[in-house]
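Number of protein chains: 2
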Amino acid sequence: MTHLTLALDAMGGDVGPCVTVPAALQALASNPGLHLLLVGDPAALHPLLAKVDSALLSRLEIVPAESVIASDARPSQAIRASRGTSMRIALELIKTGRAQACVSAGNTGALIGLAKLLLKPLEGIDRPALVTVLPHQQQGKTVVLDLGANVECDSAQLVQFAVMGSVMAEEVLSLRNPRVALLNIGEEETKGLAAIRDAAAQLKNTPSINYIGYLEGNELLTGKTDVMVCDGFVGNVTLKTMEGVVRMFLSLLKSSSTDVGRKAKQAWWLTLIGRFIQRRLAKRFGHLNPDQYNGACLLGLRGTVIKSHGAANQRAFAVAIEQAMQAVQRQLPDRIAARLKTVLPKSD
Amino acid sequence: MTHLTLALDAMGGDVGPCVTVPAALQALASNPGLHLLLVGDPAALHPLLAKVDSALLSRLEIVPAESVIASDARPSQAIRASRGTSMRIALELIKTGRAQACVSAGNTGALIGLAKLLLKPLEGIDRPALVTVLPHQQQGKTVVLDLGANVECDSAQLVQFAVMGSVMAEEVLSLRNPRVALLNIGEEETKGLAAIRDAAAQLKNTPSINYIGYLEGNELLTGKTDVMVCDGFVGNVTLKTMEGVVRMFLSLLKSSSTDVGRKAKQAWWLTLIGRFIQRRLAKRFGHLNPDQYNGACLLGLRGTVIKSHGAANQRAFAVAIEQAMQAVQRQLPDRIAARLKTVLPKSD
Numbered sequence: 001m002t003h004l005t006l007a008l009d010a011m012g013g014d015v016g017p018c019v020t021v022p023a024a025l026q027a028l029a030s031n032p033g034l035h036l037l038l039v040g041d042p043a044a045l046h047p048l049l050a051k052v053d054s055a056l057l058s059r060l061e062i063v064p065a066e067s068v069i070a071s072d073a074r075p076s077q078a079i080r081a082s083r084g085t086s087m088r089i090a091l092e093l094i095k096t097g098r099a100q101a102c103v104s105a106g107n108t109g110a111l112i113g114l115a116k117l118l119l120k121p122l123e124g125i126d127r128p129a130l131v132t133v134l135p136h137q138q139q140g141k142t143v144v145l146d147l148g149a150n151v152e153c154d155s156a157q158l159v160q161f162a163v164m165g166s167v168m169a170e171e172v173l174s175l176r177n178p179r180v181a182l183l184n185i186g187e188e189e190t191k192g193l194a195a196i197r198d199a200a201a202q203l204k205n206t207p208s209i210n211y212i213g214y215l216e217g218n219e220l221l222t223g224k225t226d227v228m229v230c231d232g233f234v235g236n237v238t239l240k241t242m243e244g245v246v247r248m249f250l251s252l253l254k255s256s257s258t259d260v261g262r263k264a265k266q267a268w269w270l271t272l273i274g275r276f277i278q279r280r281l282a283k284r285f286g287h288l289n290p291d292q293y294n295g296a297c298l299l300g301l302r303g304t305v306i307k308s309h310g311a312a313n314q315r316a317f318a319v320a321i322e323q324a325m326q327a328v329q330r331q332l333p334d335r336i337a338a339r340l341k342t343v344l345p346k347s348d
Numbered sequence: 001m002t003h004l005t006l007a008l009d010a011m012g013g014d015v016g017p018c019v020t021v022p023a024a025l026q027a028l029a030s031n032p033g034l035h036l037l038l039v040g041d042p043a044a045l046h047p048l049l050a051k052v053d054s055a056l057l058s059r060l061e062i063v064p065a066e067s068v069i070a071s072d073a074r075p076s077q078a079i080r081a082s083r084g085t086s087m088r089i090a091l092e093l094i095k096t097g098r099a100q101a102c103v104s105a106g107n108t109g110a111l112i113g114l115a116k117l118l119l120k121p122l123e124g125i126d127r128p129a130l131v132t133v134l135p136h137q138q139q140g141k142t143v144v145l146d147l148g149a150n151v152e153c154d155s156a157q158l159v160q161f162a163v164m165g166s167v168m169a170e171e172v173l174s175l176r177n178p179r180v181a182l183l184n185i186g187e188e189e190t191k192g193l194a195a196i197r198d199a200a201a202q203l204k205n206t207p208s209i210n211y212i213g214y215l216e217g218n219e220l221l222t223g224k225t226d227v228m229v230c231d232g233f234v235g236n237v238t239l240k241t242m243e244g245v246v247r248m249f250l251s252l253l254k255s256s257s258t259d260v261g262r263k264a265k266q267a268w269w270l271t272l273i274g275r276f277i278q279r280r281l282a283k284r285f286g287h288l289n290p291d292q293y294n295g296a297c298l299l300g301l302r303g304t305v306i307k308s309h310g311a312a313n314q315r316a317f318a319v320a321i322e323q324a325m326q327a328v329q330r331q332l333p334d335r336i337a338a339r340l341k342t343v344l345p346k347s348d
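In order, the protein sequence lines correspond to chains U and A.
Mapping to the UniProt record's numbering: the first sequence position 135 is 135, numbers consecutive.
Mapping to the UniProt record's numbering: the second sequence position 106 is 106, numbers consecutive.
Hints listed in this document are in silico derivations from the structure and should not be mistaken for laboratory results.
As the structure is a computational prediction, the values presented were derived from the model and not from experiment.
All the given hints hold, so there is nothing to weed out.
One copy or any two copies: either way a pair holds, since identical chains are not told apart in the list.
Calculated pairs, SDA-like style, for lysine to any residue (alpha carbon to alpha carbon, straight line, at most 20 Å):
1) Lys224 x Arg247
2) Lys141 x Val246
3) Lys116 x Gly97
4) Lys224 x Ala311
5) Lys224 x Ser251
6) Lys120 x Gly97
7) Lys51 x Pro22
8) Lys224 x Leu252
9) Lys141 x Arg247
10) Lys141 x Leu252
11) Lys141 x Ser251
12) Lys141 x Glu322
13) Lys204 x Arg339
14) Lys95 x Arg83
Bound conformation, chain U alone (with noise of 0.2 Å):
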């Protein structure tokens, strides 16, 4: 691996630096060329470095920040007293050219608002959009856009997120000429959000999208398409209908196969055989654990940031690292800047 330095917003997020001290040196004991600015409050952080290997310290670097922004603080008031936060210091770092990518679990609102004023959308994009990849039923993966940066979007916009979604699935997903499709009522033409249908028919004239249709919530994750496209409000609902109905899988399905040996009269060899099924099964389904695909990428600024699920434990938010690591190594905003010249009008 090259040489990398992404900054991590230490402070933000429901935990703070108990989870993201811990994950950023678990990102930087797996990649050796990986440099880490940690962004925060030094007295809060130096008591988690103190027993660390001096070789993981090399590489990492406490930049000071002397506040936080709060998760539930309104973005626009936010946003106007973010001088000094450890979450604008981290899109600075970005900015100034000291770090090639940020992550951060903090107030979301807040981190779209100031990525866009620090960092710039690029030409052809009105604002950026929120982006995760799914895993699907086919063993492969969906792009979805937008979770929830943009609560209503135009039809330009949801072209826009088409162009982006489409340009992240052929990089971060290896695919050539991926499907994108609209997240919609019904697959029949007539259906749906005047927006939705503008889009459709725009995307039907853009040849360099291959644009399939329309599909609804339940081929979310069937694999029928590689990139879905919605407005930042259906697809948050959507994403967490999905988390929350995995979540309660994944916790029944525990409970289930813990209870096929307690019930079989404490024989040990159905206890065994119930454990096995409980590996084999949380095997089956670990691939949809939320954890798994935890950072959303904020897609269409001139520069990466990665936004972390606020209540991420360690796991999760290495994986946020690690999502921000592979989107500057594919150079996103500039594949994404080239295509946007070859597909959209001029905005001025």
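Let chain U serve as the given structure and place chain A on it in line with the hints.
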């Protein structure tokens, strides 16, 4: 059970009479007080009734309809050309008082439009909403609306949905003072679309509604609320996403449990245990199978209309018939009308 007559659109749905007729016979066999009016093409229906017991047939009547509305027809056109179709005749049987409710698996848009045209909304309701009752993690159920009758909703409509959902939770789920939440992309007051924030402000000032605030998509199945309110676009995508994930899990689970026996060198006792576990898991998760709660109720009209899933199988269509019976027995339209008078401003 007291005497009860339902009209079935026997021709609607992806399969038509081959699903609706066996489901009708199943419902008649289970409910001695039930009478059914099968609306459709007699030439298609008679052969399916040839070997049926005469006691059942005495509670079944064929009402001829010369045509059927195609599932993929444009609703506005289908409604204009609806005279003589099985769907329209089934609805007219409610209007003329021959049936107390109707069930159709046909074109959703046409059914909603025709039902509104023929049965008229209750005073205080702008447009009817599609409602379903979903099983949740705490062994209870949640009323969810709107599921697609209204792709765009203003705050007044969301408040009307909250009232209707609240009455449904009281009458169908027998809950006192049911909790009502608005589906949103965050729990903070500032989140989401303007219509949702306005509806929240109105619901806070409506003492007869137990409004508990915003909930996110991952709370849909956790049992935190008894009624979840959203616009029809979001509700439709959310429900279908949930169904897609549940179906995927159930199918993976089935193949996983079968694997257990097969992989372990075909030992007969492991195969038996594999089957035992599969049955246990199927039972554990069975209540989440979308077939078990098929049938969305079209609320807000002066009559009861149940929309079955177009792809419903016999069991699922029979569940939709049961839903219609329940809605009639609980006198949902009357009770909603009564509640509306106490809550909403007069419409004129």
